[in-house]
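Residue numbers (my numbering), protein chains in the order written: chain A, 314 to 621; chain B, 314 to 621.
A hint or two may mislead.
Identical chains share a label here; the pair holds if one copy fits it or two copies do between them.
Under the rule of at most 35 Å between Cα atoms (straight-line distance), these lysine-lysine pairs were calculated in the DSBU-like manner [claimed, not checked]:
(1) K417 / K451
(2) K451 / K609
(3) K451 / K434
(4) K533 / K434
Calculated directly from the structure, the hints in this document are not laboratory data.
If you want the building blocks of each chain, they are given just below.
There are 2 protein chains.
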Amino acid sequence: MNEFELIERYFNWVSYHSVDLSVGDDCAIIDTNSNTQIVTSVDTLIEGVHFSQNTSAADIAYKALAVNLSDLAAMGATPKYFTLALTLPELNEPWLSEFSESLKHLAEEYQIDLIGGDTTKGALSITINIIGEVETGKALLRSGAQVNDLIYVSNTIGDAAYAWQQIDQGNKPSDFYLNRLNRPKPNVELAQQLVGVANACIDISDGLEQDLSHILSRSKVGANIDIEAIPLSDEVATYIDTTQDWCVALAGGDDYELCFSVSKEKINKVTLIEKELGITLTNIGVVTKSQGLKIKGLDKICQSYQHF
Amino acid sequence: MNEFELIERYFNWVSYHSVDLSVGDDCAIIDTNSNTQIVTSVDTLIEGVHFSQNTSAADIAYKALAVNLSDLAAMGATPKYFTLALTLPELNEPWLSEFSESLKHLAEEYQIDLIGGDTTKGALSITINIIGEVETGKALLRSGAQVNDLIYVSNTIGDAAYAWQQIDQGNKPSDFYLNRLNRPKPNVELAQQLVGVANACIDISDGLEQDLSHILSRSKVGANIDIEAIPLSDEVATYIDTTQDWCVALAGGDDYELCFSVSKEKINKVTLIEKELGITLTNIGVVTKSQGLKIKGLDKICQSYQHF
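Modelling step: build the complete structure from the supplied sequences, incorporating the hints.
Here it is, written out as C-alpha cells:
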C-alpha cells in the first residue's frame with residue numbers, strides 16, 4: 314500500500330467546515346473570517362513517554378487528538394481542523410484501522426476535519442496540529458490573571474498520574490483511572506463558557522504546580538494555594554492520605570483539566586457554569602501580588618513532568 | 314533544562330506577522346483576512362528515511378522547513394507561520410543550537426514565524442506544520458490540468474536521488490549534489506509567479522512519475538511525456554547514459570522541483586518567468602484525454618518512493 318492508498322483507506326473523511334480540499338493536494342485550504350482569529354497548537358505523543366506499549370491503537374488515537382483539543386480548549390477556542398503526522402514502525406492494517414476509527418469518532422464528536430497529514434516509517438509517534446477559531450480578542454490567555462483573582466481547577470486532579478503509577482507498579486488500575494489516563498475528556502465546552510468569565514486559563518498537562526506557574530509568570534503575579542483544597546477522586550485521596558505523596562496531584566499532569574483564575578465579582582458565573590455542565594469547579598487558592606507560588610501544607614518539592 | 318527553558322533559549326524568535334502570542338501559551342493566535350484563505354501542510358523527517366545519520370543538525374533543520382515551504386509553494390501560497398514538533402533522543406545543546414540557528418536562518422529568508430511547538434524525548438524526528446495564505450480562489454491545485462496543457466518541470470530532476478545513491482555506495486557526492494539533497498531550494502517565488510498561469514501544480518517530493526500521476530488522477534486526464542526531455546544535471550545525464558537507470562530521475566523525488574501544466578496560450582508567460590527568475594523551466598510532455606501516464610523511451614517500471 315502506498316501513502317496515497319493508506320490515506321484513501323483510513324483517513325479520507327467528510328468535511329464539517331469550509332475546506333477547499335484536504336487530503337489529496339499539497340496543502341489544505343481553509344476559508345477565513347475577518348471577525349475571528351485562527352488558533353493553533355501542536356502536540357506529539359511518543360510510545361513509552363505518553364503511553365505504554367500495551368496501549369491500544371484506539372486509546373492512542375483518542376489521546377493524541379484529545380490533548381490537542383485540550384490545548385485549544387484552554388484558549389476558549391472552537392476546534393475546527395487538524396493535521397496528522399503519523400510515524401509507524403510497520404504498516405499494520407488492523408492497528409491502522411482501529412487507530413483511524415477512534416480518531417474519526419472523536420473528530421466527529423467535536424465536528425472537526427482532518428485536513429492533511431504525513432505518514433512515515435519509524436518509531437511510533439503521533440503529532441497532531443490542531444487549528445481552531447476564536448472571536449477576535451476573546452481568547453483565554455495565560456497572561457490575564459489579576460491580583461485577588463480566585464484560582465479554580467476543574468473536576469479532580471492527579472487521576473492520570475495515579476493510574477501511571479499503578480501500571481508502573483504492575484497493578485491494573487480500575488476503568489475510571491485507566492480512562493482518566495487514556496481517554497482524558499478535553500474541556501472544550503467548559504472553556505468556551507469561561508470566555509468573558511476567566512481572566513487566565515491553562516490546561517494541566519505537565520502538572521498543576523508547573524502549569525499554574527506558567528499562568529503566574531506570564532501574568533507577573535503570584536499565588537497561594539491550599540493543598541487540602543485540591544479536588545481528589547476517592548482512590549487518590551486515600552492514596553495521599555496513606556502516603557502523603559501530594560506530588561501525584563501537584564506534579565502528575567496528564568489529566569487535561571483546566572486551571573483558571575476569575576475575579577471575585579464573577580464567581581457566581583462559575584457556579585452557574587458548574588451547574589449547567591454538571592461538573593465540579595473547585596477554588597484552590599488566590600492570586601497574590603508577591604510573585605511565586607506558595608503551596609500551603611506542602612513540605613517537599615515535587616518534580617513536575619520534564620520533557621527531557 | 315525544562316521544555317520552557319529550551320523554547321526560550323532556542324526557539325523564541327521575533328515575529329514578522331500579526332501573531333498575538335506564540336511560544337508561551339497553549340496555542341498561537343493568528344489574525345485572518347476575509348480576502349485570503351489559510352493554506353496548511355505537514356511533513357515529518359525521520360533519520361534513516363529522509364536523512365542519513367551523518368547529516369548535520371543544520372541540514373536537517375533546513376530540509377525540515379524547506380520541504381514544507383515547498384508544499385506551500387506548490388499551491389502558489391505565501392508562507393507565513395509554522396509549528397515545530399521536535400523529538401530528540403537526548404538534550405544535546407550543541408545540536409539544538411545548530412538546529413535552531415539553521416531553522417531561524419531559513420525562516421528569516423522567507424520571513425515566516427515559528428508560532429508553536431512541542432519537544433519530546435524519543436527517536437529523532439522533526440514534524441513541521443506550515444501555514445500560509447493565498448488570495449481566495451487563486452491556489453494552484455493538482456486538479457486543474459486541462460487536455461492539451463503542456464507539462465513543465467523546474468530546474469533539473471534526479472539530483473537528490475543521485476546523491477542518495479552515491480552516499481549509499483560509500484561515495485561522497487560533490488557539493489552541488491549534497492546541496493540538492495540536503496538543501497533543496499523551495500520554489501516559492503516561482504510558484505507565486507505561476508498563479509494565474511499554471512492550471513495545475515505539484516512539488517516533486519516522491520518522484521516525478523508518482524507526483525505527476527497525482528495531478529493526472531486529480532484532474533481526470535492523462536499525459537504523454539518524453540523521457541529524453543527531462544532536464545538533467547551533467548553528472549546525472551552521464552550516469553543515466555552509462556546505466557540507462559532512468560528511475561533516478563523518474564522515481565527519485567526529494568528535489569522539490571515543481572511540475573506544472575500550462576495551456577498553450579500561456580507558454581510565453583512561462584518564458585518570461587524563466588527569464589525573470591533566471592531558472593530553467595522545461596516542457597517534458599503534454600496532457601492527454603486518455604487517462605494514465607505514458608512515458609516515451611522507458612521500457613521498465615520504476616519503483617517510486619513508498620512511505621511503507
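Verification of the hints:
no. : hint        : in the structure
1   : K417 / K451 : both (29 Å within a copy, 30 Å between copies)
2   : K451 / K609 : within (33 Å within a copy, 59 Å between copies)
3   : K451 / K434 : between (40 Å within a copy, 34 Å between copies)
4   : K533 / K434 : between (44 Å within a copy, 30 Å between copies)
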